[in-house]
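A.B. asks: Chains as they are written, first to last, in this note's numbering: chain A, 80 to 419; chain D, 80 to 419; chain G, 80 to 419; chain B, 80 to 419.
Among the hints, a few may not be true.
The list makes no distinction among identical chains, and a pair is therefore deemed to hold if it is satisfied within one copy or across any two copies.
[As the list claims (entries may be wrong)] Below, a list of computed lysine to any residue pairs in the SDA-like style, where the Cα atoms sit at most 25 Å apart:
| hint | residue 1 | residue 2 |
| --- | --- | --- |
| 1 | K134 | D391 |
| 2 | K196 | S137 |
| 3 | K195 | E128 |
| 4 | K195 | P384 |
| 5 | K196 | I95 |
| 6 | K330 | N358 |
| 7 | K195 | S235 |
| 8 | K330 | R353 |
| 9 | K330 | G239 |
| 10 | K329 | Y245 |
| 11 | K134 | G171 |
| 12 | K301 | R323 |
| 13 | K195 | S137 |
| 14 | K134 | P241 |
| 15 | K83 | Q315 |
| 16 | K404 | A286 |
| 17 | K134 | G93 |
| 18 | K373 | F105 |
| 19 | K330 | S367 |
| 20 | K329 | N341 |
| 21 | K329 | L130 |
| 22 | K329 | E362 |
| 23 | K373 | R215 |
| 24 | K301 | D284 |
| 25 | K330 | L357 |
| 26 | K195 | P108 |
| 27 | K134 | V317 |
| 28 | K330 | G348 |
| 29 | K134 | A214 |
| 30 | K134 | F105 |
It is worth saying that the hints were derived from the structure and are not from the lab.
4 protein chains.
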Amino acid sequence: MKNKILQVGVIGAGRIGKIHARSLAFLIPEAQVAAIADVDAGAAREAAEALRIPKALSDYREILADRQIQAVVICAPTPLHSALIEEAAAAGKHIFCEKPVDFDLARIDAALAAVKKAGVKLQIGFNRRFDANFARVRRAVAEGEIGQPQLLHIVSRDPGPPPLSYVKSSGGIFMDMTIHDFDMARFLIGAEVEEVYTQAAVTVDPAIGQAGDLDTAVVLLKFANGVIGTIDNCRQAVYGYDQRVEVLGKKGAAASQNNYPNSVVFSGGEAIRRDLPLNFFLERYAESFVTEMKLFVEAVRQDKPTPVGGLDGRHPVVMARAARKSYDEHRPVRLAEVDG
Amino acid sequence: MKNKILQVGVIGAGRIGKIHARSLAFLIPEAQVAAIADVDAGAAREAAEALRIPKALSDYREILADRQIQAVVICAPTPLHSALIEEAAAAGKHIFCEKPVDFDLARIDAALAAVKKAGVKLQIGFNRRFDANFARVRRAVAEGEIGQPQLLHIVSRDPGPPPLSYVKSSGGIFMDMTIHDFDMARFLIGAEVEEVYTQAAVTVDPAIGQAGDLDTAVVLLKFANGVIGTIDNCRQAVYGYDQRVEVLGKKGAAASQNNYPNSVVFSGGEAIRRDLPLNFFLERYAESFVTEMKLFVEAVRQDKPTPVGGLDGRHPVVMARAARKSYDEHRPVRLAEVDG
Amino acid sequence: MKNKILQVGVIGAGRIGKIHARSLAFLIPEAQVAAIADVDAGAAREAAEALRIPKALSDYREILADRQIQAVVICAPTPLHSALIEEAAAAGKHIFCEKPVDFDLARIDAALAAVKKAGVKLQIGFNRRFDANFARVRRAVAEGEIGQPQLLHIVSRDPGPPPLSYVKSSGGIFMDMTIHDFDMARFLIGAEVEEVYTQAAVTVDPAIGQAGDLDTAVVLLKFANGVIGTIDNCRQAVYGYDQRVEVLGKKGAAASQNNYPNSVVFSGGEAIRRDLPLNFFLERYAESFVTEMKLFVEAVRQDKPTPVGGLDGRHPVVMARAARKSYDEHRPVRLAEVDG
Amino acid sequence: MKNKILQVGVIGAGRIGKIHARSLAFLIPEAQVAAIADVDAGAAREAAEALRIPKALSDYREILADRQIQAVVICAPTPLHSALIEEAAAAGKHIFCEKPVDFDLARIDAALAAVKKAGVKLQIGFNRRFDANFARVRRAVAEGEIGQPQLLHIVSRDPGPPPLSYVKSSGGIFMDMTIHDFDMARFLIGAEVEEVYTQAAVTVDPAIGQAGDLDTAVVLLKFANGVIGTIDNCRQAVYGYDQRVEVLGKKGAAASQNNYPNSVVFSGGEAIRRDLPLNFFLERYAESFVTEMKLFVEAVRQDKPTPVGGLDGRHPVVMARAARKSYDEHRPVRLAEVDG
């Protein structure tokens with residue numbers, strides 16, 4: 080049975096790299112982490128020890144060269160993604176890559192072409208699709224439980240802004256934060272967005288504005304199938320991580336709520352209250368990180384399509400660019416305007 | 080059409096008397112309050128002015144003697160209830176009487192006999208039956224929506240204890256407070272209770288214990304149809320008036336929640352919270368007070384049975400006596416033991 | 080005390096006219112309905128009988144001419160509003176007028192000028208401000224409970240579309256339905272909207288589209304104080320009347336839920352469920368109709384400003400026009416563009 | 080670091096044995112399963128393969144004889160528990176044992192004496208204490224968040240009755256099902272129960288009654304510190320696994336709700352609904368099974384007291400016996416009556 084276990088190499092031993100490595104090491108019996116690589120050799124070694132991974136490397140190319148390794152999980156910084164995809168594809172490895180694929184559409188296209196040419200599988204890390212709440216809403220739409228969808232609302236607020244250093248390199252709120260919601264919008268409705276209109280502001284921290292970014296935004300979406308949607312983003316909600324969606328359809332509505340560390344309701348002399356929602360994404364989306372990796376392993380081992388393909392990685396980048404252009408030009412922007 | 084409007088006399092111009100008079104004066108077009116009487120003539124006069132009632136009396140006998148008046152609403156202190164019922168019945172008036180009918184079973188029986196002999200209608204003021212929540216749960220039981228009932232829980236907690244003076248004359252917690260829940264239990268299940276077992280304590284105010292009463296109690300009910308029930312009473316819940324019921328049946332459960340002044344949920348830095356529930360019974364049960372009076376007026380005008388009859392007033396008194404006896408003797412007590 | 084009771088004349092005995100007449104007749108002791116008028120004399124007579132109103136008239140001018148009457152409640156069709164306001168003001172009556180004041184800004188301005196000249200009070204019927212939920216959210220914003228507001232969402236969906244005949248004369252979805260939400264937006268945030276952007280569609284009934292109207296819309300609002308808001312409207316939600324708001328502020332969020340006929344939760348073999356929300360506005364907003372009228376009576380009797388003044392009636396009309404223009408021209412529209 | 084990893088032997092490869100083995104194998108880096116034993120050698124082998132456990136045994140005595148193994152997890156049938164505890168203690172192994180320890184108090188006492196004599200650690204498998212909801216309620220009580228407790232309610236209903244064969248050997252509903260709630264009651268209140276009174280019935284399946292057992296019960300608890308509690312048990316709730324607690328204290332109440340597979344609320348034409356709660360204990364208590372095992376491993380490795388000790392295993396057995404005696408004799412029973 081040993082030969083059926085998928086041997087995986089993890090590239091990047093940062094926060095998300097360790098999450099995926101842990102899932103593969105402990106929670107997915109069908110896979111094993113053969114090696115973990117990071118330019119910070121200490122980080123790689125530390126992760127390897129904690130997760131009982133046999134090899135800690137400072138050069139990811141050793142992973143690509145290892146014939147025992149069939150798949151790689153790319154958790155390096157975004158600017159390296161597309162090059163790593165190309166190299167991994169050339170090495171014949173199946174690829175799981177974190178989002179966003181790249182800020183640049185031409186580089187994404189090159190990477191996708193490389194994947195296609197190599198005939199390897201590619202899965203993009205839009206983990207939220209596998210969250211129990213969002214998956215249930217998607218099922219309600221897909222199976223007709225709420226009828227033809229008409230309106231969509233996504234609320235996606237962080238507990239607090241990231242460090243300014245991150246803001247400066249993140250590609251901006253639309254590329255870094257809204258990107259998940261762009262994917263969610265496509266996923267939930269099962270159709271493409273044709274046009275966006277953005278209203279945005281700096282209400283959380285002026286320094287974010289000084290860095291050229293925004294911290295509060297509503298993006299209005301017009302889908303090809305007539306659905307109208309909104310995405311509400313804010314870099315700071317003092318009550319924590321706020322992640323909700325709602326779809327109105329002709330036969331009903333489906334709305335997800337936040338997840339909580341416990342269900343206890345306290346009735347006191349001042350208010351009826353409960354503890355704050357799960358905070359932050361590592362807790363809120365813990366299960367979805369495992370599920371996406373399970374499905375990647377399953378897709379590779381059973382030679383099935385991955386649940387989130389290369390184009391699923393590309394579309395949200397187009398949407399992010401259109402959203403920013405809409406803000407800059409103060410007008411609705413068709414996706415076709417920024418693509419091609 | 081004037082001659083079809085029911086002319087009503089209200090006996091007692093205290094808190095509950097004014098509530099009923101207001102319902103009759105303003106909210107029930109089919110009735111009018113012809114007179115209101117109170118030994119405190121000033122209270123009667125004040126109520127009459129506020130509610131545009133033509134006559135304010137200090138002697139209720141003027142109401143009984145008034146041929147234009149067809150029905151009376153008895154809101155005098157409990158010890159006067161049964162005598163007033165007898166007198167009103169003798170005067171040929173239809174009767175709405177507040178709960179409890181009396182602390183003494185023999186006096187209740189005499190009053191019910193007088194009502195029967197006179198052929199007038201009698202309705203007892205168990206208003207909670209007409210609350211939208213409890214009425215809905217009853218409907219779920221009565222119409223088989225949750226199948227054959229198996230278990231019942233009633234939680235009934237006051238925001239704070241009444242004045243000690245009231246405690247001393249109220250007949251005790253079972254006769255004053257639990258009496259509503261005894262009625263609710265019979266109403267919801269649609270069957271009689273055969274036996275009770277009481278566990279009770281003084282946890283709120285030692286002075287209540289020194290006055291010979293209890294302030295915290297759980298009464299376990301055994302119904303003739305096999306249902307097992309509990310009533311949870313406490314004289315003080317710091318979060319306010321807590322009024323909930325839950326029935327488990329073979330096809331499902333129905334559980335009512337508290338009512339709130341608004342539905343707003345606040346998400347702050349410390350907790351997710353909402354305002355406290357409606358507090359106290361004047362707000363919580365405002366609609367049910369109107370509804371019970373509407374149904375009384377309708378029963379009289381259309382010559383239909385009242386929705387809460389004389390025996391509905393008697394049974395809870397038996398239950399209250401059994402509950403206290405169970406506590407005193409520290410054993411389960413059959414209702415038959417205290418009735419006869 | 081009699082001479083202090085406000086004598087009111089109601090103009091229009093349709094649905095909303097009867098609601099206000101009932102509030103004044105039975106629920107507001109400080110006021111009396113002296114007369115009700117309707118071109119349909121039968122409707123006026125029927126309402127008068129049911130509500131014990133002394134005079135039923137077919138000509139509203141008898142009300143304006145009646146010196147005993149100090150205030151009028153205008154519930155005639157919208158196209159008559161501004162003329163009636165002018166006449167009533169000229170007659171020295173205080174005025175409560177249903178929304179919208181008029182479809183035409185010039186006529187509104189003329190009416191407001193007449194009111195100002197006559198020195199009478201004017202209140203516009205934006206009843207939802209007095210709903211317990213929305214009033215609580217407003218209080219949270221106004222008192223700083225949630226800090227400086229950043230984002231606003233209003234969901235306002237009807238259980239089903241009105242008759243096509245109504246659609247054709249209603250002034251369109253923005254003037255008829257969204258008008259309430261435009262007022263709500265201004266009310267909740269306490270600031271003016273500067274610009275709107277509309278995305279709208281016909282998803283409910285093609286006949287609505289053929290009549291030149293829309294039945295599904297999202298209007299994006301940009302407030303002068305930087306808040307970004309959305310209004311979600313749909314003419315049909317199969318689960319009933321959906322009326323919710325949510326405000327995110329720097330210290331927290333406040334979100335109201337729908338109101339329900341009861342709080343009972345049913346746990347069955349297929350789902351956990353509860354009954355549908357209150358449906359339709361007569362039930363959902365029953366209390367707010369009474370409250371707005373109470374406040375009007377109070378404003379007149381105590382010579383205080385009305386809680387919803389003439390400009391509060393004008394602004395939403397401007398917003399409705401801008402929203403439609405935005406849809407027609409497929410671009411963001413500043414309110415200044417359509418006003419003046 | 081290898082030598083610090085706790086080597087554990089699992090005795091019993093049934094459902095619960097595999098759960099604990101999986102936790103130890105994959106989720107607790109500080110422990111390893113050195114061997115798993117079952118009289119059914121195939122079951123042991125299968126579990127060993129799935130969980131990468133090096134040794135599958137048919138005789139647990141090989142585990143006791145293995146010097147590398149420091150701790151055992153006893154998941155054998157209840158009648159074997161006390162003997163296994165004695166043997167394991169004699170072999171110097173630390174012990175985790177499933178509940179109930181034994182039906183017989185003398186045998187429990189003998190087992191506890193053996194543990195004491197050997198100086199090994201013993202933890203009893205009352206996993207629910209480590210559930211996030213119940214742990215949070217306990218914390219609210221322990222830290223004074225809700226003040227001095229006054230009333231306790233535990234609802235604990237299964238989705239459906241176990242097979243009759245199980246019923247016949249389970250020791251009865253109080254020993255098998257209520258045992259968890261007896262522990263929960265002690266845990267939440269942090270005090271001992273002095274007296275119980277039981278009202279019980281057969282409402283689910285007559286065959287359970289014919290087997291001498293009950294399937295529906297309310298047990299009334301009287302705590303030494305004055306708290307009054309109820310436990311509501313039913314072998315069948317059609318909506319699934321119902322596991323809730325509520326504590327009223329002088330400063331407030333804490334009430335836990337059920338856990339759900341997702342948070343999605345559906346609004347349809349008939350009702351507002353959500354999916355059924357998690358069903359059954361393997362899902363509902365998944366995390367608590369891991370947590371209790373983590374704490375056992377931690378207690379052994381760091382030489383700390385286990386969180387659920389031998390007496391915690393003994394008390395609920397006393398309570399179960401008293402509850403049955405109360406039912407049989409139809410009277411309140413003091414725990415002292417059945418202990419000693």
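A.B. asks: Each hint should be assessed against the structure and marked as holding or not.
C.D. replies: Hints, one by one, checked against the model:
no.: 1; hint: K134 - D391; result: neither (32 Å within a copy, 45 Å between copies)
no.: 2; hint: K196 - S137; result: neither (28 Å within a copy, 53 Å between copies)
no.: 3; hint: K195 - E128; result: neither (35 Å within a copy, 37 Å between copies)
no.: 4; hint: K195 - P384; result: within (13 Å within a copy, 58 Å between copies)
no.: 5; hint: K196 - I95; result: neither (28 Å within a copy, 49 Å between copies)
no.: 6; hint: K330 - N358; result: between (33 Å within a copy, 17 Å between copies)
no.: 7; hint: K195 - S235; result: neither (33 Å within a copy, 47 Å between copies)
no.: 8; hint: K330 - R353; result: between (32 Å within a copy, 15 Å between copies)
no.: 9; hint: K330 - G239; result: between (37 Å within a copy, 12 Å between copies)
no.: 10; hint: K329 - Y245; result: between (42 Å within a copy, 22 Å between copies)
no.: 11; hint: K134 - G171; result: within (20 Å within a copy, 37 Å between copies)
no.: 12; hint: K301 - R323; result: both (19 Å within a copy, 23 Å between copies)
no.: 13; hint: K195 - S137; result: neither (28 Å within a copy, 52 Å between copies)
no.: 14; hint: K134 - P241; result: neither (32 Å within a copy, 48 Å between copies)
no.: 15; hint: K83 - Q315; result: neither (45 Å within a copy, 43 Å between copies)
no.: 16; hint: K404 - A286; result: within (21 Å within a copy, 36 Å between copies)
no.: 17; hint: K134 - G93; result: within (16 Å within a copy, 36 Å between copies)
no.: 18; hint: K373 - F105; result: both (11 Å within a copy, 15 Å between copies)
no.: 19; hint: K330 - S367; result: neither (28 Å within a copy, 30 Å between copies)
no.: 20; hint: K329 - N341; result: between (34 Å within a copy, 22 Å between copies)
no.: 21; hint: K329 - L130; result: neither (49 Å within a copy, 40 Å between copies)
no.: 22; hint: K329 - E362; result: between (34 Å within a copy, 24 Å between copies)
no.: 23; hint: K373 - R215; result: within (18 Å within a copy, 32 Å between copies)
no.: 24; hint: K301 - D284; result: between (30 Å within a copy, 19 Å between copies)
no.: 25; hint: K330 - L357; result: between (31 Å within a copy, 18 Å between copies)
no.: 26; hint: K195 - P108; result: neither (29 Å within a copy, 39 Å between copies)
no.: 27; hint: K134 - V317; result: neither (41 Å within a copy, 51 Å between copies)
no.: 28; hint: K330 - G348; result: between (41 Å within a copy, 7 Å between copies)
no.: 29; hint: K134 - A214; result: neither (35 Å within a copy, 40 Å between copies)
no.: 30; hint: K134 - F105; result: both (16 Å within a copy, 19 Å between copies)
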